[in-house]
Structure formats: structure tokens, C-alpha cells
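Colleague: Taken in sequence, the protein lines are chains B and L.
Take the first sequence: its letters are residues 1 to 157, numbered as in our numbering.
Take the second sequence: its letters are residues 1001 to 1430, numbered as in our numbering.
Hints listed in this document are in silico derivations from the structure and should not be mistaken for laboratory results.
In this text, all values refer to a predicted model and were calculated from it rather than measured experimentally.
Be a bit skeptical, because a hint or two may be false.
[Said to hold, decoys possible] If you want the footprint, here are the derived chain L segments under chain B, 3+ residues with CB under 8 Å: (1) 1031-1038; (2) 1054-1065; (3) 1316-1328; (4) 1332-1344.
[Said to hold, decoys possible] Subject to a maximum C-alpha distance of 25 Å in a straight line, what follows is the list of computed BS3-like cross-link-like pairs (lysine-lysine): (5) 1201/L x 23/B; (6) 151/B x 15/B; (7) 1356/L x 72/B; (8) 15/B x 1376/L; (9) 23/B x 1418/L; (10) 1035/L x 1127/L; (11) 10/B x 1037/L; (12) 18/B x 1035/L; (13) 151/B x 1035/L; (14) 1226/L x 1116/L; (15) 1182/L x 1037/L; (16) 1201/L x 1227/L; (17) 36/B x 1147/L; (18) 36/B x 73/B; (19) 1182/L x 73/B.
Here a beta-carbon is modelled for each residue, glycine too, at the ideal position from N, C-alpha and C.
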Amino acid sequence: MSLSLPAASKAYIQKELKRYETKESALIPALFEAQKVFGLITPDVIDLLAMEMDIPSSRVSEVFNFYTMFNKKPVGKYHIQVCTNISCAMVGAREYMQAVCKTLNVKSDEVTADGKFTVTGVECLGSCGTAPMAQVNDDYHENLAVSDIPKFLEKFK
Amino acid sequence: MEIKLLTEHYDKPEFVTLKGYQKLGGYEALKKAFKMKPEDIVTEVKNSGLRGRGGAGFSTGMKWSFLPKNNEPRFLLCNADEGEPGTFKDRLMMERAPHQLIEGMIISSFAIQSKKSYIYIRGEYMKSYKIVEKALQEAYDAGLLGKNILGSGFDHDMDVYRGAGAYIVGEETALISSLEGKKGQPKLKPPFPAVQGYLRKPTIVNNVETLAAVTWIITHGAAEYKKIGTEKSAGTKVFSVSGNINKPGVYEVALGYPFKDFLQNECGGMKAGFNFKALIPGGSSCPVLNAEEAMKSTLDYESMGQLGSMLGSGGVIIIDDKQCMVDLLNVLMNFYHHESCGQCTPCREGTGWLNKITGSMLSGRAKMEDVALLDKIARHMLGTTICALSDAAAMPVMSFVTKFKEEFEFYAKERKSKVRGEMVYAESHH
Ligand SMILES: Cc1cc2nc3c(=O)[nH]c(=O)nc-3n(C[C@H](O)[C@H](O)[C@H](O)COP(=O)(O)O)c2cc1C
Ligand code: SF4
Ligand code: FES
């Protein structure tokens, strides 16, 4: 296994292991860290974390599989997650998402040919009053409009 | 009219910082609380009539008094998982007034004699997380957290925990499992968390808004709080409103406020070209009200209960006349099917079937009998499962197909939407 964690990530995970009452609580923070480092969490990454944290691989993958924010498939450098739940749907979020997909020439969940974008429809992001909205990586973008899509996409280099 | 007890300073950027918060009277309630006996704070909160703002509306003081009366370590967990579609009030509260929440949590922790608390924030709320994390650091630096807080002799540590995406984790026992580093699945109650929760220790789980309200109640007293609202629904509630209205956003009004006025005044009425058709009063899990019911409702627990719905989280979803109810129900069933954790057969299978039927109806493959079948399946999902998600999925279905029956029957028969005059294209992304 050639994978290894950068020293800073190791230090972060070690700190998280001591931060909570039980060390398993560090699994979510560690998985976020690993996703940041490796892009995608593969079975090898799971094993690496298991070793680093001294927690069985099965427990690591159990947590990994349960939560939607841990990607199960490769995503682009910018992951555009459009909420398509009820409040957003009523003000055109689904049409917005289709328009983004069309502009980027991808279907939902696909990665663009240049590896830059993935567009995914997601559940309520707690931004229902400023819809259509999308989360791109860590940030929320609100009050989006189809007419602004080219300008919106230019933000992501 | 808005009555801003908790949202008064939302528009002041300095309120986010400790200094700004203190300038506006922040952490005075905590000093006052330290002069009280912990059990008197519990009584004060009980007397205020404060009810949980996370959805169930249970008396907060009562919940606290279920803790065992011994010296066993206990925990306070703030539920900031806010995932109920239509709800975005807790996000704003953390972003605009983090110290109000932290102060409420220190007071509440003192009241229940807890030495450790967590704020569990849904993973997507990165901005809230960073703001709360910074506010906690400020509080530690100022001696408002840690050992011997403000010389009171009370020790308390508070930390923030970030979730990773799962609606079900908002359910309190699931939240506890998630915080323990397990799959975020609900557990059968009893035992209730107040008896056996985080690390199997007595634990109180309260919503962000509930804990922030404690700060106001201690500052102004239970009697002042009780003066606002109705007899059984005391105080104010922060509502988040969405839909095709002129002013979507977050508004704090006294409980008991007529919905009609709320729509007209706070929400600024319907957007031009849209007419009011239906209301989901408190997040997607609450049964829908038709226009007539909505217009006679008031925004409180009792009125919504009498009309067969719920006040829930206060996520007010305004449905306009351009919306196809079959389409919207399918959106909701996509959601509940996706979010069911799968432990209970009625929920796992039921949400799957409901989603399948609404989906096939949309694509013109449903039969007339399927309308009644939706209702029947939903009824079998009630009251038999580990947590309330099964009911939360079933109740919208029953109310949609009863109150908007003609839209469902029309779609099944004509293979097109009564509202749109054509088939509604729906892509399920799960
Ligand atoms: C499926 C489901 C999801 C829930 N989601 C939330 C949530 O996001 N936030 C919340 O405060 N309560 C949520 N609840 C309610 C909690 O279980 C719990 O009752 C609440 O956090 C208690 O706080 P309160 O008494 O202050 O309202 C949810 C319940 C269920 C069944
Ligand atoms: S009711 Fe549904 S979500 Fe709740 S525990 Fe059972 S299967 Fe899971
Ligand atoms: S419904 Fe889209 S953010 Fe809430």
C-alpha cells in the first residue's frame, strides 16, 4: 500500500482522537480530512484510516457509508450541489439544475471532461428562502438565476 | 407584527462578536443565573411555558426535570442538525447570534448541572460551524467557559461537532449515536435520553432556538415570557418562510399570530401572478392545509393541532396555484425514501412504495386505484416504528391525497397534471 497521510493530517487526526470522550467520535472528522487529501475515499483509504486511528476497518466504512457528504463516486474539483427539495423546486431549482447541466454538457452526478465540475441534486440545505441555491464545496450560493449561469460558473477556476 | 426577542440584533454585524454581544447586554443573564439555584432555573423555564422548538413542542422545563436527581455526569446536546425541508431558522441564529445560543447553553448546563455540552451542527453548515467555533474560542478566552466560570465555582466545557449529511441524525437518539461515532440511526425509546443518552449517561437534547430562548427567559423572567403568545403556546417562535412570496425569510412573531396576517404583512403577500393555494405550516413532515384551513389558522401548537397539522419546526412552506400537488408529493417521497434509515420494515418498505407510486403517477403509469393505495400504505406506516420519520412521511401523503384528491385522480386518469396541463417531468436523483 503506497498511500500515506501528510504529517499535518496525521497530527489533526491524532488531535481529534483525543478531543472527544470516545475515539470513534473522531471518525467523521478524520473522514472529512481524508476526503480533502485524497479526493475520493477508496477501500485503501479506509484501511489507512483504520490503521492510523486503531479502529477496525469495518467501523470506518460503516460511518463512511452512512453519510451523504462522503462521496461514493468521483466528483469534479467543484461539486455543485443544487437543492431540489420542495421549497426550492417551487421556485425553479430543478429547471436551474437542468440548465447548469446543459451548460456544462453533463448529466447529474457526472464529472465534466476537464474534471472541473460535478452537478448533483441534493436534499434541503436549509436555505429555502433564498432559492434556487447551490452548495459548491464548502460555500452556499443563493438566489441563483438561469440567466446568470455563465457568470456563476466563471467564479470557479 | 414581529416581536423580536431572539432576532432583535440580527442585522448588527457586531452582535456576532463577544464584544458586540456584551455591549448589547450579553452574558448578563449568565451572571444572574449564577446567583440562582440550579433547580430554580429549571422551575423558571418550566413556568415560562417554553416548548421545544425542534419540532415536537414538548415542555423544556419538564424535559429537564426528567433527569435523575443524583450526581451522575450528564450532558447537554444542542441539536443544530436542521434538516427538515423548509426550515432555515437555526442556521441564521448561529450565523447572526452565536453567543446568545452559547449563553443559553451555559445557563441550561448550570441548571441541569452538566459539565459538558456539544453543539451538533449539520455538516453542510460550514459557515455556521466556523462562526460558532470562533465564538466558543472567544468565550473560553473571556473565562465564560472552562473552570470556575466568572468565579461561580461552576465548571463547563462546550464543544462543537460537525455532522456529515443525514436528515435522520436530527432525531435525538440518532444524533447521540452519530456523536458517538456510530451510524446515525435512531434507537427505541424508552430509555429516553434524559435517563440514558450520550455514552449511556443522562442527556438533554434541545434545539438551537429553544436554548437561545432560555437566555431571554432568565434575563426578563418567566412571567414576561408567558405574557407573550397564547396560554398554551407561550412566547415567540422564529419562522422561516419559503415559496413564491414577496419576502421569503426568517420572522419572529408571537405564537398565536394569525397566519393570514403573517402572509400579508411579514411575507409581503404572494408574488405577482401567484395565488395562495396551500400551506405546510412547520416543515415538510407536517400535514398540508388547504387555503381555507390556512386562512383561519393561527401560528401556534393548538391551532395547527386542531386543524390536523402541526407547528413542527416553524418551516412555513407557502404553496401557490402554479404547483402540481402530485409533483410536490413526489418530491417529498423522494426525500423520505432517501432518508429512511431502513431499520423498520414499515418505514423502509412504505417510503419505497409511496415513492414508487408517486413517481409512476407522474410518468403517467398509475391507475385510479393508486390514489387510494397511497392513503392505505401511509396509514400502515403510522405509530409502529422506532422513530417518527415513518409518520413524518405518511402524514403528508394522507393530507395531500385527501385535500387535493381531484389533482391526484385527474393525473391518474388523464396522465397529465391538472395544474400544468401536461405531464410533469421528474428526475429522481436517488
Ligand atoms: C426524523 C426526525 C428529524 C428531526 N430533526 C430535527 C432537527 O433537525 N432539529 C431539531 O432540533 N430537532 C429535530 N428532531 C426532533 C428531535 O428528535 C428532538 O425532539 C429535538 O431536538 C428536541 O429539542 P427541543 O425539545 O428543544 O425541540 C427530529 C425528529 C425526527 C423524528
Ligand atoms: S422509522 Fe424509519 S427512519 Fe426511523 S428508525 Fe425506523 S426505519 Fe429508521
Ligand atoms: S428546500 Fe431547498 S434549501 Fe430547503
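Colleague: Would you mind marking each hint as holding or not holding in the structure?
Modeller: Here's how the hints hold up against the structure:
| no. | hint | result |
| --- | --- | --- |
| 1 | 1031-1038 | violated (count 0) |
| 2 | 1054-1065 | violated (count 0) |
| 3 | 1316-1328 | holds (count 6) |
| 4 | 1332-1344 | holds (count 4) |
| 5 | 1201/L x 23/B | 17 Å, holds |
| 6 | 151/B x 15/B | 41 Å, violated |
| 7 | 1356/L x 72/B | 24 Å, holds |
| 8 | 15/B x 1376/L | 52 Å, violated |
| 9 | 23/B x 1418/L | 55 Å, violated |
| 10 | 1035/L x 1127/L | 35 Å, violated |
| 11 | 10/B x 1037/L | 45 Å, violated |
| 12 | 18/B x 1035/L | 34 Å, violated |
| 13 | 151/B x 1035/L | 57 Å, violated |
| 14 | 1226/L x 1116/L | 30 Å, violated |
| 15 | 1182/L x 1037/L | 37 Å, violated |
| 16 | 1201/L x 1227/L | 36 Å, violated |
| 17 | 36/B x 1147/L | 35 Å, violated |
| 18 | 36/B x 73/B | 14 Å, holds |
| 19 | 1182/L x 73/B | 22 Å, holds |
This entry does not satisfy hints 1, 2, 6, 8, 9, 10, 11, 12, 13, 14, 15, 16, 17, going by the numbered hints stated previously.
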